[in-house]
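Peer 1: Whatever position you read off the sequence shown (first residue = 1), add 650 for this note's numbering.
No wet-lab data here; the hints were simulated from the structure.
Quick caveat: nothing in here was measured; it's all calculated off a predicted structure.
Ideal Cβ placement from N, Cα and C applies to all residues, glycine included.
Watch out, some of these pointers could steer you wrong.
Unchecked claim - Result set (PhoX-like, lysine-lysine): computed pairs, CA atoms no more than 25 Å apart in a straight line:
1) Lys757 x Lys823
2) Lys899 x Lys749
3) Lys754 x Lys830
4) Lys899 x Lys830
5) Lys757 x Lys814
6) Lys749 x Lys830
7) Lys757 x Lys830
8) Lys814 x Lys749
9) Lys830 x Lys814
10) Lys823 x Lys899
11) Lys823 x Lys754
To be verified - Label pairs and their in silico Cβ distance ranges:
12) Pro771 x Asp718: 45 to 53 Å
13) Gly746 x Lys814: 17 to 25 Å
14) Leu869 x His673: 26 to 34 Å
15) Gly884 x Trp722: 29 to 37 Å
16) Trp672 x Lys814: 34 to 42 Å
17) Trp672 x Phe760: 24 to 32 Å
18) Ser839 x Phe760: 32 to 40 Å
19) Ile897 x Asp718: 18 to 26 Å
20) Pro771 x Gly884: 18 to 26 Å
21) Pro675 x Lys814: 33 to 41 Å
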Amino acid sequence: MVLALWTMCVGPGAWADDKEVWHAPFGGTFNANFTVTSDYSYAGISNNALQPAFQPALDYRSPDLFSDPRLWIYLGVWGSNVTLPAGPGGEIDVLGGVKMRPTKNLKLDFGYVRVTYPGFPAELGYDYGDFNVAVDYDFGPFAVNGRLRFSPNSFGNSGWEFNKRLLLSVPLKFETVSFKAYGSLGNLSVERYLQYGIPSPDYWYWQFGLVTSAFGLDLTLAYTDSNIEPSGCGNTNYCAGRVFASITKAF
Numbered sequence: 651m652v653l654a655l656w657t658m659c660v661g662p663g664a665w666a667d668d669k670e671v672w673h674a675p676f677g678g679t680f681n682a683n684f685t686v687t688s689d690y691s692y693a694g695i696s697n698n699a700l701q702p703a704f705q706p707a708l709d710y711r712s713p714d715l716f717s718d719p720r721l722w723i724y725l726g727v728w729g730s731n732v733t734l735p736a737g738p739g740g741e742i743d744v745l746g747g748v749k750m751r752p753t754k755n756l757k758l759d760f761g762y763v764r765v766t767y768p769g770f771p772a773e774l775g776y777d778y779g780d781f782n783v784a785v786d787y788d789f790g791p792f793a794v795n796g797r798l799r800f801s802p803n804s805f806g807n808s809g810w811e812f813n814k815r816l817l818l819s820v821p822l823k824f825e826t827v828s829f830k831a832y833g834s835l836g837n838l839s840v841e842r843y844l845q846y847g848i849p850s851p852d853y854w855y856w857q858f859g860l861v862t863s864a865f866g867l868d869l870t871l872a873y874t875d876s877n878i879e880p881s882g883c884g885n886t887n888y889c890a891g892r893v894f895a896s897i898t899k900a901f
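Full structure from sequences and hints, please.
Peer 2: Written as structure tokens, this is what we have:
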């Protein structure tokens, strides 16, 4: 079973850099949000048995440590309910890293996230850490995000894992409503893939959708899928194509 990290791909709050924030220690700012989603999906696979999930998040952003290039530190915590092979439970991710904006259109992200599952037996080896490198470039009519995540020992003590993903987003403006359409394609590979819960050393996944803001909420409607057949996904539809929707409220 693949597990979640900070879900930029499905969290509509990830699109906005100008949400309301409040002052934090050392000249930084806090930002919080709460998401309700019809399916908690990561890398094309449902982490909650195709059931709704409730996901609070809180992050801290330091002031710019340098002005040229702009560079700052971020810390965050994120949670969700999950359904794993051992049953239902919760997930808490703690993450941190450094972001840099060498130019107006280019942003770099170097981070680490620790994914934990409180209440599950330690011998299952569910907890793991991921290193993250991401590059964002805004071309104007569209923006591109490339991301690489690496774990030296991933979920279920399954050994090294690489998760590569490319995401393209395009703003769509109408008279009174603005949307952002996005599409992504990724590949996940893992050393001991059977322990991870997939039928082969790697698989492909993809997603496309629309994000908009209305009435103080971020709304997402998306479709996600993978090339894993039901027989390789525990004879379930957790890896099959499906539509999901989410609502995020920022505070």
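Peer 1: Please go over all the hints and tell whether each is borne out by the structure.
Peer 2: Cross-check of the supplied hints:
1. For the hint linking Lys757 to Lys823, the alpha-carbon distance of about 24 Å falls within 25 Å, and the restraint holds.
2. Annotation: proposed proximity of Lys899 to Lys749 holds, straight-line Cα distance about 24 Å (limit 25 Å).
3. A hinted pair counts as satisfied when its Cα atoms are at most 25 Å apart, and Lys754 with Lys830 qualifies at roughly 20 Å.
4. In summary, the hint linking Lys899 to Lys830 is supported, as the alpha carbons are separated by about 17 Å, within the 25 Å threshold.
5. Simply put, Lys757 and Lys814 have alpha-carbon atoms about 18 Å apart, close enough for the 25 Å limit, and the pair holds.
6. About 23 Å separates the Cα atoms of Lys749 and Lys830, which keeps this hinted pair within 25 Å; it holds.
7. A threshold of 25 Å between alpha carbons decides the hint, and for Lys757 with Lys830 the separation of about 19 Å falls inside it, so the pair holds.
8. Among the hinted pairs, Lys814 with Lys749 is consistent with the structure: their alpha-carbon atoms are about 19 Å apart, no more than 25 Å.
9. At most 25 Å may separate the alpha-carbon atoms for a hinted pair to count; Lys830 and Lys814 meet this at roughly 22 Å.
10. Between Lys823 and Lys899 the CA atoms are separated by roughly 21 Å; this keeps the pair inside 25 Å, and the hint holds.
11. Among the hinted pairs, Lys823 with Lys754 is consistent with the structure: their alpha-carbon atoms are about 22 Å apart, no more than 25 Å.
12. Hint check: Pro771 to Asp718, Cβ distance near 50 Å, so the stated range 45 to 53 Å holds.
13. One distance hint, 17 to 25 Å for the beta-carbon pair Gly746 and Lys814, holds here, with the actual separation near 22 Å.
14. In this structure the supplied range 26 to 34 Å holds for Leu869 paired with His673, their Cβ-Cβ distance being about 28 Å.
15. With their beta carbons about 42 Å apart, Gly884 and Trp722 fall outside the hinted range of 29 to 37 Å.
16. Range check, Trp672 to Lys814: Cβ separation about 35 Å, and the 34 to 42 Å hint holds.
17. A hinted range of 24 to 32 Å for the beta carbons of Trp672 and Phe760 is consistent with their spacing of about 26 Å.
18. In this structure the hint that Ser839 and Phe760 lie 32 to 40 Å apart at CB is violated, the actual value being about 21 Å.
19. At roughly 38 Å, the beta-carbon separation of Ile897 and Asp718 lies outside the given 18 to 26 Å, and the hint is violated.
20. With their beta carbons about 20 Å apart, Pro771 and Gly884 fall inside the hinted range of 18 to 26 Å.
21. The given range of 33 to 41 Å is respected by Pro675 and Lys814, whose C-beta atoms sit roughly 36 Å from each other.
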